[in-house]
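Turn these sequences into a full structure, and let the hints guide you.
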Amino acid sequence: MSGDRLGDAIRAWRRARSRPPAADMHEQLRYLERDVQEVRTRVNALFFAVLAAALGDLAGRLFG
Numbered sequence: 261m262s263g264d265r266l267g268d269a270i271r272a273w274r275r276a277r278s279r280p281p282a283a284d285m286h287e288q289l290r291y292l293e294r295d296v297q298e299v300r301t302r303v304n305a306l307f308f309a310v311l312a313a314a315l316g317d318l319a320g321r322l323f324g
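Note that this note's numbering has the sequence shown beginning at 261, numbered continuously upward.
Calculated directly from the structure, the hints in this document are not laboratory data.
Where a beta carbon is used, it is the ideal one built from N, C-alpha and C, also for glycine.
Just so you know, not all the hints are guaranteed correct.
Listed next, with one range per pair, are the computed distances between beta-carbon atoms [what the hints assert, rightly or not]: (1) A319 x D264: 38 to 44 Å; (2) L318 x L289: 38 to 44 Å; (3) F323 x A283: 57 to 63 Å; (4) V310 x L266: 17 to 23 Å; (5) D268 x G316: 30 to 36 Å.
Below, the structure written as structure tokens:
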């Protein structure tokens with residue numbers, strides 16, 4: 261691993277995400293829908309993590 265951790269992470273992500281080309285448009289659409297659902301799940305998890313941190317900070321300021 262080189263000193264460029266971000267570059268290494270992106271290259272590893274691209275290798276993991278590479279898949280053979282889809283045989284037809286329906287298969288490509290299924291791949292895309294699965295990827296969109298995964299991104300939506302991750303964004304929701306990030307949103308709730310930030311919301312929980314903000315509520316914890318607010319509670320700490322009010323009761324601390």
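Going through the hints against the structure:
Between A319 and D264, the C-beta spacing of about 40 Å keeps the proposed range 38 to 44 Å intact. As the Cβ distance of L318 to L289 is approximately 43 Å, the hint placing it in 38 to 44 Å holds. Checked against the hint of 57 to 63 Å, the C-beta distance between F323 and A283 comes to roughly 59 Å, which is consistent with it. Range check, V310 to L266: about 22 Å between beta-carbon atoms, so the 17 to 23 Å window is met.
Checked against the hint of 30 to 36 Å, the pair D268 and G316 passes, with Cβ atoms roughly 33 Å apart.
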